[in-house]
Amino acid sequence: MTDIFGSAAVKRFPQETLPAALSDSDTRAFLSDVGFPCVTGRLLELDTTDLQHTGLHPVAEPFGKPDETDSTYFYLGSWQGARLLLNGRDGRVLQDGWSGIEDELAGSSLAQFVAMVRLYFWWRASWWSIEDTESDLRHWLNLIDPQAYETQGWQRVFEDYNFDDRV
Numbered sequence: 001m002t003d004i005f006g007s008a009a010v011k012r013f014p015q016e017t018l019p020a021a022l023s024d025s026d027t028r029a030f031l032s033d034v035g036f037p038c039v040t041g042r043l044l045e046l047d048t049t050d051l052q053h054t055g056l057h058p059v060a061e062p063f064g065k066p067d068e069t070d071s072t073y074f075y076l077g078s079w080q081g082a083r084l085l086l087n088g089r090d091g092r093v094l095q096d097g098w099s100g101i102e103d104e105l106a107g108s109s110l111a112q113f114v115a116m117v118r119l120y121f122w123w124r125a126s127w128w129s130i131e132d133t134e135s136d137l138r139h140w141l142n143l144i145d146p147q148a149y150e151t152q153g154w155q156r157v158f159e160d161y162n163f164d165d166r167v
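According to full-length UniProt numbering, the sequence shown is numbered sequentially starting from 1.
None of these hints come from the bench; they were simulated from the model.
A few of these clues could be false.
Here are the computed distance ranges between Cβ atoms for each label pair [what the hints assert, rightly or not]: (1) 134 <-> 53: 31 to 37 Å; (2) 50 <-> 146: 17 to 23 Å; (3) 26 <-> 139: 22 to 28 Å; (4) 57 <-> 90: 15 to 21 Å; (5) 16 <-> 159: 41 to 47 Å; (6) 159 <-> 2: 27 to 33 Å; (7) 118 <-> 55: 19 to 25 Å; (8) 142 <-> 57: 30 to 36 Å; (9) 4 <-> 132: 17 to 23 Å; (10) 122 <-> 17: 25 to 31 Å; (11) 122 <-> 150: 18 to 24 Å; (12) 2 <-> 50: 18 to 24 Å.
Note that the Cβ used here is the ideal one computed from N, Cα and C, for glycine as well.
Model the full structure from these sequences, guided by the hints.
Next up, the structure:
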């Protein structure tokens with residue numbers, strides 16, 4: 001991941017600094033062993049720079065629905081005009097709908113979301129013709145996380161939507 005985002009942008013969180021409410025063991029391992037890209041202005045209006053300095057903090061009423069409190073959600077940043085949230089119980093990455101996208105799933109796990117973002121960034125920034133490789137990228141994203149790939153959030157990245165930071 002550091003080859004794409006740079007070593008200064010990848011933040012690793014030691015296990016002892018992670019909140020107890022973040023109970024998904026795979027997510028805890030990913031954050032401490034691999035880390036998370038704390039970036040902005042790279043692509044898809046992804047801004048996770050605050051996480052570099054503040055760490056993971058819970059979000060109250062993440063979707064404006066107080067009845068959905070069976071888990072603790074942590075703020076990762078913003079993505080496509082919506083808050084990007086981490087479900088502490090199962091490790092899913094969700095967007096809160098402020099962007100108008102109704103599908104909340106951004107990644108079935110934190111590792112899958114980061115892999116998809118990294119692959120998409122590599123594809124957009126490469127010297128290869130994006131038209132020639134788009135079908136390959138779509139195939140790879142679908143292999144990484146078929147459920148997230150089918151959502152509006154991921155399908156929109158291939159449309160003519162005018163992201164402010166489109167590479």
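Status of the given 18 to 24 Å range, CB of residue 50 versus CB of residue 2: The hint (18 to 24 Å, Cβ to Cβ) holds, given that residue 2 and residue 50 are roughly 20 Å apart.
Pairwise beta carbon distance, residue 134 to residue 53, judged against the given window 31 to 37 Å: Hint holds: Cβ distance 36 Å, inside 31 to 37 Å.
Outcome of range test on Cβ distance (residue 118, residue 55; 19 to 25 Å): 22 Å, holds
Verdict for residue 26, residue 139 (Cβ pair) under range 22 to 28 Å: 24 Å, holds
Distance restraint hint 18 to 24 Å, applied to the beta-carbon atoms of residue 122 and residue 150: With Cβ atoms ~21 Å apart, the hint holds.
Residue 159 and residue 16 - C-beta distance against the hinted 41 to 47 Å: Given a distance of about 43 Å, which is inside 41 to 47 Å, the answer is holds.
Outcome of range test on Cβ distance (residue 57, residue 90; 15 to 21 Å): 19 Å, holds
Residue 122 versus residue 17 beta-carbon gap, inside 25 to 31 Å or not: 29 Å, holds
C-beta pair residue 159, residue 2: status relative to the range 27 to 33 Å that was hinted: 30 Å, holds
Beta-carbon spacing of residue 4 to residue 132 - inside the hinted bounds 17 to 23 Å or not: 20 Å, holds
Consistency of beta-carbon spacing, residue 57 to residue 142, with hint 30 to 36 Å: Because 33 Å falls inside the window, the suggested range holds.
Residue 146 and residue 50 - C-beta distance against the hinted 17 to 23 Å: This hint is violated: roughly 30 Å between Cβ atoms.
Hint violations for this structure: number 2 only, all remaining hints satisfied.
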